[in-house]
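Enquirer: Which chain is which? The protein sequence lines are A and B, in order.
Residue numbering for the first sequence follows our numbering, beginning at 1 and increasing consecutively.
Residue numbering for the second sequence follows our numbering, beginning at 1 and increasing consecutively.
Because the hints were derived from the structure by calculation, they are not lab data.
For each residue, glycine too, the CB sits at the ideal point set by N, CA and C.
Among the hints, a few may not be true.
[As the list claims (entries may be wrong)] Below 30 Å or equal to it, Euclidean Cα-Cα: the simulated DSBU-like pairs (lysine-lysine) are:
1) K210/A with K435/B
2) K284/B with K38/A
3) K73/A with K103/A
4) K87/B with K124/B
5) K237/B with K284/B
6) K431/B with K6/A
7) K64/B with K177/B
8) K120/A with K293/B
9) K478/B with K72/A
10) K202/B with K38/A
11) K120/A with K177/B
12) K215/A with K450/B
13) K515/B with K210/A
14) K64/B with K138/B
15) K103/A with K202/B
16) K120/A with K515/B
17) K478/B with K127/A
18) K511/B with K376/B
19) K511/B with K127/A
20) K202/B with K237/B
21) K177/B with K38/A
22) K202/B with K120/A
23) K478/B with K254/A
24) K287/A with K450/B
[Said to hold, decoys possible] Selected chain B positions facing chain A (Cβ under 10 Å, derived; list incomplete):
25) D347
26) A410
27) E432
What follows is the residue order along each chain.
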Amino acid sequence: MIAFNKYYNHFNLLSSILIVVSLLLLIFKGLNFGIDFKGGTLIELRASDSKINVSSLRDRFNQMDLGDVSVKKFGNDTDFLVKFENNDNKKNILEEIKTNLDKSFGNNYDFRRVENVGPKVSAELLKSGVIAISLSLALMLIYIWIRFEWQFSLGAILALFHDVIVTLGVFSLFSLEINLSIIAAVLTIVGYSMNDTVVIFDRVRENLRKYSDIKIFELTNISINETLSRTIITSATTLLALLAIYFFGGEILKGFSLAMILGVVFGTYSSIYIANTVLVRLRVSQKTVLREDDQK
Amino acid sequence: MLYFSKLRILFITLFSVLFILIASSNLFKFDDNFFDKKINLGLDLQGGSYLLLEIDNEPVIEQKLQNLTTTIRNYFKEKNIKINNIKIENQNIFFNVMENDKQSVLDVFQDENSDLNPYYPRFKSHQLEIEDTGLNLKVNFSRQGLIKLKTSSQDQAIEIVRRRVDEVGTNEPNILKRGNNRILVELPGLDDPMRIKSLLGKTANLTFRFVTNDENDRFGVEKLKFEDGLEEATVSKRIIISGENLLDAQPKMDTQANQTIVSFTLDRVGAKRFGKATSTGIGKQLAIVLDGKIISAPVVRDTIASGSGQISGGFTFQTATDLALLLRSGALPAPLEIIEERTVGPDLGQDSINAGMIALAIGFMLVIIFMFVKYKIFGLITNVTLIVNLFILLGVLTLFEATLTLPGIAGIILTVGMAVDANVLIFERIKEELKDETNNILAFDGGYTKSRTAILDANITTLLAAIILFFMGSGPVKGFAVTLGVGIFTTLFSVYFIARLFTSIYVSRNKDKEKLI
Chain A
1 MIAFNKYYNH FNLLSSILIV VSLLLLIFKG LNFGIDFKGG TLIELRASDS
51 KINVSSLRDR FNQMDLGDVS VKKFGNDTDF LVKFENNDNK KNILEEIKTN
101 LDKSFGNNYD FRRVENVGPK VSAELLKSGV IAISLSLALM LIYIWIRFEW
151 QFSLGAILAL FHDVIVTLGV FSLFSLEINL SIIAAVLTIV GYSMNDTVVI
201 FDRVRENLRK YSDIKIFELT NISINETLSR TIITSATTLL ALLAIYFFGG
251 EILKGFSLAM ILGVVFGTYS SIYIANTVLV RLRVSQKTVL REDDQK
Chain B
1 MLYFSKLRIL FITLFSVLFI LIASSNLFKF DDNFFDKKIN LGLDLQGGSY
51 LLLEIDNEPV IEQKLQNLTT TIRNYFKEKN IKINNIKIEN QNIFFNVMEN
101 DKQSVLDVFQ DENSDLNPYY PRFKSHQLEI EDTGLNLKVN FSRQGLIKLK
151 TSSQDQAIEI VRRRVDEVGT NEPNILKRGN NRILVELPGL DDPMRIKSLL
201 GKTANLTFRF VTNDENDRFG VEKLKFEDGL EEATVSKRII ISGENLLDAQ
251 PKMDTQANQT IVSFTLDRVG AKRFGKATST GIGKQLAIVL DGKIISAPVV
301 RDTIASGSGQ ISGGFTFQTA TDLALLLRSG ALPAPLEIIE ERTVGPDLGQ
351 DSINAGMIAL AIGFMLVIIF MFVKYKIFGL ITNVTLIVNL FILLGVLTLF
401 EATLTLPGIA GIILTVGMAV DANVLIFERI KEELKDETNN ILAFDGGYTK
451 SRTAILDANI TTLLAAIILF FMGSGPVKGF AVTLGVGIFT TLFSVYFIAR
501 LFTSIYVSRN KDKEKLI
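One chain only, chain B, in its complex shape (with noise of 0.2 Å):
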């Protein structure tokens, strides 16, 4: 065990001098791209925003749904085959047809080539499920069907989520996707998030429609509040142009009339529609929609065939800038919810970076000064190990650019309280073989070879945990996870190659000597 090759302690060398310098590639600028890699600073310690966002599908399976019923009462009415009492009930939807159309109904949902109903190979499933309750039919989504619908709508969301957090020009923002319904922004660098959230949690489905005083509008009326949430008025379902038809939209300020205006661009089929709809509507109200609220209401007075226009409602300029980019960016296909948030300012991030940094300088030498007092000359050995292990540490954190976090921090701290457990149970079993062995070299050999199993066994249960840790802990724990997990084979590494090389070398030379450890 204490035999080492020229070749290996080269080795050796090598390997500590790489990852010492990839270590203190942290501390230094290179020119070389292979060195120049940083540890990253999680958001707890250089401040900055997690915001998990959940997209509430209902508003689109409900949507979906009542898009449904019309195809499928315009399918069947094509085969001469006439759906009663449609109608949508907790996600489903129930209709009647005469019993012996019912059969080939049913065989049009399960056919693996129908055209109203996907087929999915891969997942042996239908989008719908049908069912033939006696008393009428019930279809709605399959789980794979919601899954597509699920997916598809988070694409969607991210792609959104994506354009206004650019918009609003965060460096280096994290967008990931999280299971089937989420999404997790993470903003470096940002103490104040409330402007993102507040876009974030605009669902920016624009409209332009008719005020009506017409109960019984072809197309159906509802009553909609103004923003302000004082007034409110009679607006026709008709909708004359919607979000999906603006090109561009920009902030603007209207000196004659001295405020600030959003205008924008429509593309060629909505400058179309609203041309033909302001010249048959002119002196009638034309209601501008933003989910669900009024902004405002002009009386069209001229024909706008230019396909620009602009929308006013007492904005300041930051609300007109938040509402150009919102219409910029287009409408997400469902609303989002922020359901988790921590964000941290980038003070405190220093201040924990520090308190870190003096806690593991503490208990550096703590430990140090322990083992010096106790071992002496193998403590000396010990604590070089021990800097070298840090810096290893140190080093494959760099290479691989992991992200450090508060909690990492406690990681590498304990690790150096328990990387001294390997060399103490070396040491330790060193004392109890010199009590029968005489020979130095042999019962360091004979230390090193007895202690093997119970270094693995101690280090394995510290690695599971760790590893468990990684899988199920989330954002600062995963960091503590990390280095914990790392610092369990940089350990290794330095007992049996770093520190069993000083201790051989040291105690070749001091073969004869006695009560050496």
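Excised from the complex, chain A in its bound form (with noise of 0.2 Å):
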């Protein structure tokens, strides 16, 4: 048996100290969010001639007077991601652009995605992102709440917000864009994190009926070991299946298959270390769990 509790509180400081961090990264540093919520255009571009490169391409869009314009390579070598704010939004712009693109490099490339979202549209999609998340860490509580007792669904909702702020953070050090999708990977987050947590809590729960004489300090411990092999193994394979998207699946789903990569590991590690010690420090005992049962 692995001594998991012998670390609660240092884990617990460290989770602290992330949270914190992450919370004053997302304050003073912000989230890069991407056109989805900043508006703007994007353009992803291939380019058949090698003269086509990150600094002629900075070059010829700094010329179109297109506010602050970021172009990147995008995957391989002939491939490149051009964003820029297009703050009047311009109608015309993708025209002016092809025009002016052609006069440098001919033909010789090829737009093959764009989007264009506009200022109205782009705070739209933040608000709803926003409820999306907020509403499923709601439900999540709700679901808990019926299922558990309330030490339980506190422990399990320190968790989720531990994952999404600590996820959050890293993308906010890392300045790695906030998309759609990346609001997809949170809100998945949310629902495995919590699948994790309740795996074990169950244990918990079956173990305080089971033995009366086990302080929750051991009886954690003895219920994470219990256990622990699914948790490993359900990682493993979600982590096999995540890797294979990160190198395999494009570059699209990149940030996606990170974000959701960050959540695994984080979500497993939370239910261990976050969920588990809430119950600690709250004292949970046999009798928190038969008193729920008489009253039901």
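With the hints as a guide, bring both chains together as one complex.
Expert: See the structure below:
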């Protein structure tokens, strides 16, 4: 048996630091919102001429008065991602760009993807993303509140907040782009993290009913160990699937799978070191579950 | 938990085979209608354009209020009530009446049978609201009145948008209402939406009006620019004929002048008015105005009574074709703005499909190898289940002709990774049971029973997340929610029926074997 409980305090401290740092990052550095949430235009461009590179593209686009322009390589050497603000939401901006690029590069390039999100839509998308995440947290809270005692709910929700905040913190730290698919990833993380916590909690409650003489400090450790191989195997297969998406699923899914990978790692960690420690700190005992059983 | 009746085995087999067949209909062509279903590919996979248009209702409201001022004045004139100082400000109409007329004006507006101010019994609301500010009377659209106005302009706009898109002839466009002032246009297979965008961006409000030098024209005048933006002309506000009077418009080649023109045919009313105007206006310049810009202003040489004519204005064949198309499909009730556009080229779509399929294959292989190494024979059972599960998932998506997007493929891969969870929970529980239980059958039974609540909890939480995503997400992300959500059900089915069936067969044949798992 591994003595997970020996490190409860250490990891609680670590998690607290992680959360504080993440919050500070989110407040002071903020998130790198993509055009979905900030508005603007994105062009994925494939070049068939070596003359076309990041700097020549940047030169071209900067001449066009499009506001803040960012040009990046996208995946391989011939693909580029160009983003700009397009603040005035100019109507024929794409035609203008094409004519302009034609002058320098002829026909040796191709727009593979164009996305243009107006300011009104991006504000709405951001709002609905925030609502979706809040709603999912609320629903999880309600679900776990119905299924478990309040001490468990608190533990699970703290673990969820930890996972969401720290994942976003990492995105802020490395200035990774937040777009619609990241919101999908965060929601899936919420589901996954909850799933992981619930499996351990289920066992904790079962053991609480079984043993009256074991303290919660020991009992959580027993429960974690009993469910450990499941925790490891499920995390492993999920991570294998996600790694396959990350490395082979193409550039578009990179951010999504990265967020999910982070979420699975944090989710597994938090089920053990946050959710359970809340039970310990709240001194959950056999009485807690039996009382609830009586009421039912 | 381990007992299966013959009937149940038959049912499980038939059910699985059915879905495998449905899933395979994506690859093969079936004559049968039932099997000839396919998973739709989302725009991000097959390439195409997604355009979200917003109707700018401000001009419509302004116009309606403008008309209303005349209506109000005339309506009360008949009742011998004089309306003074009528004006429009911030979408409100203000006017004054004599103090002793005030109540009767208010009564007219608040009468449920009033023909001036329609009453909607269903919403218990009038079209217009009136308020006595003390200084004057204030009339504006009620909430319900505004909604009616918006939905009616949306209805008209969507019809025009449909006609224009159809005329261009893209395959299977999808045109839907969004809210009460937006229209969603999905154009699969279209990799360059510029032409459609420019067609949808034009209101196509066509009028024929005389050019005048008389600043005191009875109808008022306005200065309008020519299409090329260089010249200007003063044009009367009196409309001779408008786009509504057109029956048909076609691009033509004028061989004499060697230029492309748009020829048009007028309806009866239009022909009559056009004839009259051209007979009285010989020698005058007739401006052809489209969306506030003058296309051309030819001098009237003859009376045109035939009801047909032509527009010239230095068109190329393409611009003439587009103008004719716009005129045929009619004017939009209000300007449209493209507030969101997402276009994916077909080769990127194909690349995404390929990448998604490779990721799926590799992810699948990794999980299968892992499970086999970890659980041997039970790993094999899990793996067979996983494959059947994948087919059932694809079968369900095919049956409902769901739309598969790139994130949707990610959802399938993720389902593969998470689907083993239920089996792992069961197997691990069985292992624990076997520590105190020597009877294999009882241990397996116990493993299945005792792991049930954890499995249920775990799947419900994921399902909740998928449901929220489905309702809050848009486009590609919705596809992710669909595959993730459907995957939960197919996983539970395959774990509790297929995997359990195999397990029961294996366990009952090896009842007395030790260390079974």
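Enquirer: Below or equal to 30 Å on CA atoms is what counts here, so check K87/B against K124/B.
Expert: holds (28 Å)
Enquirer: Should the hint that E432/B touches chain A count as held when the rule is a Cβ pair under 10 Å?
Expert: holds (7 Å)
Enquirer: K515/B and K210/A: Cα distance at most 30 Å?
Expert: holds (26 Å)
Enquirer: Hint check: K511/B vs K127/A, CA-CA at most 30 Å. Holds or violated?
Expert: Violated, because 58 Å separates the two Cα atoms, which is more than 30 Å.
Enquirer: Can you confirm whether the C-alpha distance between K177/B and K38/A stays at or below 30 Å?
Expert: holds (25 Å)
Enquirer: Was the hint right that A410/B lines chain A, CB cutoff 10 Å?
Expert: Holds, about 5 Å.
Enquirer: For a C-alpha distance cap of 30 Å, please report whether K120/A and K293/B respect it.
Expert: holds (28 Å)
Enquirer: Between the alpha carbons of K284/B and K38/A, is the straight-line distance 30 Å or under?
Expert: violated (53 Å)
Enquirer: Is K202/B close enough to K237/B, meaning Cα to Cα at most 30 Å?
Expert: holds (21 Å)
Enquirer: For the pair supplied as a hint, K431/B and K6/A, is the alpha-carbon distance within the 30 Å limit?
Expert: holds (26 Å)
Enquirer: Does K38/A sit within 30 Å of K202/B, going by the straight-line distance between their CA atoms?
Expert: Satisfied, since the Cα-Cα distance of roughly 27 Å is no more than 30 Å.
Enquirer: Are the Cα atoms of K103/A and K202/B separated by 30 Å or less?
Expert: holds (28 Å)
Consistency note: the structure conflicts with the earlier hints numbered 2, 16 and 19.
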